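> Fit the two chains together into the complex; they arrive one by one in their own frames, and the hints show the way.
Protein chains in written order, with our numbering: chain A, 12 to 115; chain B, 68 to 218.
Hint data in this document are derived by calculation from the structure and do not stem from the laboratory. Take these hints with a grain of salt, some might be off.
Calculated cross-link-like contacts (lysine-lysine; reagent style PhoX-like; alpha-carbon spacing at most 25 Å) [to be verified]:
| # | chain 1 | residue 1 | chain 2 | residue 2 |
| --- | --- | --- | --- | --- |
| 1 | B | 122 | A | 23 |
| 2 | A | 59 | B | 156 |
| 3 | A | 113 | B | 122 |
| 4 | B | 105 | A | 59 |
| 5 | B | 93 | A | 59 |
Chain B regions said to be covered by chain A (calculated; three or more residues, Cβ under 8 Å) [stated by the list, open to error]:
| # | region |
| --- | --- |
| 6 | 85–93 |
| 7 | 132–138 |
| 8 | 182–194 |
| 9 | 208–217 |
If you're wondering where the values come from, they're calculated on a predicted model, not measured in any experiment. Cβ atoms here follow ideal geometry from the backbone N, Cα and C, with glycine treated the same way.
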Amino acid sequence: MILTTLEGVPGKTIMEHYGLVQGSTIRAKHIGKDIMAGFKNIVGGELKGYTELLQDSRKEAIERMVQQAEELEANAVVNIRFATSSVAQGAAELFAYGTAVKVE
Amino acid sequence: MDILLQIIIPLVLLILGYLSGSYLEKRHYQSIRERERKMLHVPLVTFGAKQTLPKAHEAQLFVGTVVISIDYFKKISAMLRNLVGGRIKVYESLLDRGRREALLRMKEDAMAWGATQVLNVRLETATIGGRSGGSTDPGSVEVIAYGTGIR
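Next up, chain B with everything else stripped away, as it sits in the complex (with noise of 0.2 Å):
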């Protein structure tokens, strides 16, 4: 009974984590590419450091941050994967959405100001650990995204 239970309850997780994972990360990437393509028009730069500095009025700070969590399917996916190496294409996807999304927000709050451009843009990326801790697994990724809007 006891090892039907320890078999039983992480399969269960494991199924739960697949498909809600799984769920949430589609409809994320639809809301991604939808408000990508909506926001076309004002360009994201990396530069603007060390170049002669655009002709603008006004110029201001802006951030998007966002924590993302791992699912189970997740986690259990690429436990495997270190076993046998090479890519571990659940996280590429979850890091992915991950800078998106906070390209997105920084974006959206400096096209409510009225941005033209945003410049030298930089993203910071950090892991905080999973509830077991000092473990090296990211339990979750979080990500900022940070540059200077013009207008």
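Excised from the complex, chain A in its bound form (with noise of 0.2 Å):
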């Protein structure tokens, strides 16, 4: 599967689009992360716990794209995008979103 943000794959000419495909997912902080990042709230700098966090839910939300793209028959998503917001207190939703379509 090749997965780009534009609008095509270079080298590559698109045969067949497949339409929008996207995948979502939405994770909660946990106890011990937020002890942490409340701390660090007073002294500034990263919260690394945070920053897995997102990357382990944006991992999840391209996969399950990538799962709706493999089951159009689609061998590549592009012009993907991502998107972000906080939907409960302590909870982020991470969003992915994306064109299937067939190259050859």
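And the structure:
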């Protein structure tokens, strides 16, 4: 599966469009990380626990999107975009979407 | 005694936040500048979608994420700023650091893969509420940078 943020795949031509595919995941932070974050909110700096959490959920969102694309028998997803939002207190939603295509 | 404690604790936090916050920020900026200089030869561009695609054999998605927290000093000074209005410099530097760090992480990944260019780079920012939750002040900012590396 080829994933790009472009409208096509360099070196290949799009044979067929299958439409929008998307994947999203909502993750809650856990209390240990939250306590660390509370402390970091005083001293500043990177919140490594949250960065990891986001990376994991981003990967999962992509996986779900790819799964949808595979069901459509696409071999690439083009023009991928990400979006995030905090739905509830302490939970973050990560959302990935793109267009499933067949390239050759 | 109680009143004294109520004054002393925030004051200590303020000083602690200022010292560690500005130290971490300085160190972070140093590392950002160094890494940016090292990686100058691989261009990041924001176009790519509405243009003819460059010639390449392979393309792959690369993502960089970072979550950066504010410190107590930034929080208080932004709160004071809110009273009089104007630029909140402490937040500007926070967001700037976040964006540049996310871009660098994406670029590092792309360069490890052997990318000659990263096209159509997009940035996404979100705030994660502080522990107080529901309030408008960002406890931390989260930045995602993503683009297509080609080789």
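> Of the numbered hints stated earlier in the document, which are not met by this structure?
none
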